[in-house]
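Each chain is listed here by its residues.
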Amino acid sequence: MGFQTGAALLEAVVLAVISREETGTYGYKITQEVTAVLDVSESTLYPVLRRLQKEALLEVYDAAYGGRLRRYYRLTESGAAQLAFYRLEWTRYAAKISGLFEGECL
Amino acid sequence: MTKQEFLSRLRLLLAELPAEEREDALRYYEDYFDAAGAENEAATAAELHSPETVAADILGRRVPRGAQYEDLYSRDCTAPPHRTGSGWKIALAAFGTAALLCALGLVAAAVLGLVDMRGLPRAETALENLPTLSAGEETRLDADGNAAANGGTSTDGQAATNGTDPDGQTATSGTDTGTDGTPPSGQTAAGVGGAGAGASAVPSVDTSYAAEDVESLSISMSIGALTVEQGAAGSALRVRAANVTDETFSAALDGDTLEIKDETEYGGLLGKGLSGLLGGEGAAALDEAQLPQLVVTVPAGMVFEDIEITLAAGQATLCALRADDTLSVTTSAGKIYYDAFAADDIELTTKAGGIAPLSGASGAVTAKDKAALTVKAGSLRTGRVTAPEMRAEASAGELVADAIDADEVTLKTSAGDMTVGLLSADDISLKASAGSLGVTLAGYETDYDCDVSASAGDVCFNGESYAHHVEQYESNHGSHGSGHGGAAAGAHHTLEISASAGNVNVCFEH
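From first to last, the protein sequence lines are chains A and B. Residue numbers -5 to 100, in my numbering, belong to the letters of the first sequence in order. Residue numbers 24 to 533, in my numbering, belong to the letters of the second sequence in order.
Looking at chain A on its own, in the form it has when it is part of the complex (with noise of 0.2 Å):
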């Protein structure tokens, strides 16, 4: 796409993402699935789960699958937050960019 991804959109697609699964994701899925509506490489989401398992917005558990031990993310509680926080920012920023590609007066 012809945007550019900032950090806090990545961030906010991350979270969102991994809340889709109340009880988590892997690193292949929410790669796959955030690959899919934003134009990041594959490997740059990796430094941003780790960061926000740093910021305990993130929690990672082991679980078995398939014969062995599989990490999954979830959201913690502050992570939720936040997400709540970007979503409402998102509605607030599109609303206005989508008010001004539609000719609404500014």
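If you're looking for bench data, these hints aren't it; they were derived computationally from the structure. Possibly wrong hints are sitting among the right ones.
[Unchecked claim] Computed footprint of chain B on chain A, listed as stretches where at least three residues anywhere in the stretch have a Cβ under 8 Å from a Cβ of chain B:
#, region
1, 21 to 29
2, 38 to 45
3, 52 to 64
4, 76 to 87
Quick reminder that beta carbons are idealized off the backbone N, C-alpha and C, glycines included.
Keeping the supplied structure of chain A fixed, place chain B upon it in accordance with the hints.
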């Protein structure tokens, strides 16, 4: 390339990372390959481009340490300082020279958009709509009756501020509180932002308090955008809020403390996930759920007695906060940006989320008595910290201070990481029960009387292990005794290091 080839190569490329971080990354990519399926190894490797690309993305955000904070927190066009040199040593000059007003950050921020900036959405942009409402639309909350009683000092000004003028930029300075003289650029920035469109955000509260009635300030927000900005000297203390209801919001004087509280629950605002976030529900969602927005304008030069600010989630920009007694700032998920803090006692705490200087601001933390920085999780970044007594603790997460200037300093990491650019103090205690602690000490090694104990952790001096370092030192200087520095003449600082399981890295300035 097979998974094993990819991972082996990646391991080599990440050699410079601490073992824990390297293993975490390798574990992630091993999982990644497994999830993609054994039959797709080559395709997965190709999708990731190369181990070099993957490593660059990991290292690029980490080396030199502290750089990731710029990635995350730089909020405008100020380029992140390019830091070279040894690992975690932080270039002080990059921040010290940028002693600009926080207002500059606001101006720059107001100009930039959300998507194409590297940082985060800013509290001040969330408030753009505030000053441009037409006067007729104002539905003023009578916050527990107090707002009306205590307001009044500048209610006339509101009409001008909210003037129906479509070019709302100039209206802000039209208040009769003195801002029409030479408004500080912070206020101008708010006004420029105010050109934003739409009457969608209704300022449901706009109250002013005479500065002489207010000694202390307490702000507590559960979610939303908070801005504390500097107004004109001699003006009233003004509180504006939007998207709040009288069930959740209150602002009132309790004695001489101005207490502002919003308890909007964020739970109800969740749940739509990606489609809600990015899909076409924008307009509908905007109607049903608006983010609380709060702007507090503090007259220039005002010094409070106590200041207490708590932000559970969301974003805050804090400028011009000075206290005679205590200043306490806490966030449990949100991101807080500030220009500088000054008070007798300063406490900064992140339970999650982050606190960091506004881009271009010094981020100085200046305490006449004590400064306490606590990271329970999340990240905390400061400019120079000046305090006779200074304590910092990272139980998880990361803490980075450009410099510390103190008499007595205790730095503790129980699982988190801590980095201090330049530490100058008489008595220094460094404890790493886990996690890692990296410090550059002012002066020469011989200035310090060292007492080092490491049971399971590692202690390094200038990049080499302490044991080896002592051996070298003693063979060169013929010194004996428990601590090698202990026998050095002229040592007038004490340095106590204990690494029960964590790592301590000490470098000396000279």
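Each hint, compared with the structure:
no.: 1; hint: 21 to 29; in the structure: holds (count 5)
no.: 2; hint: 38 to 45; in the structure: holds (count 6)
no.: 3; hint: 52 to 64; in the structure: holds (count 3)
no.: 4; hint: 76 to 87; in the structure: holds (count 12)
Checked against the numbered hints above, the structure violates none of them.
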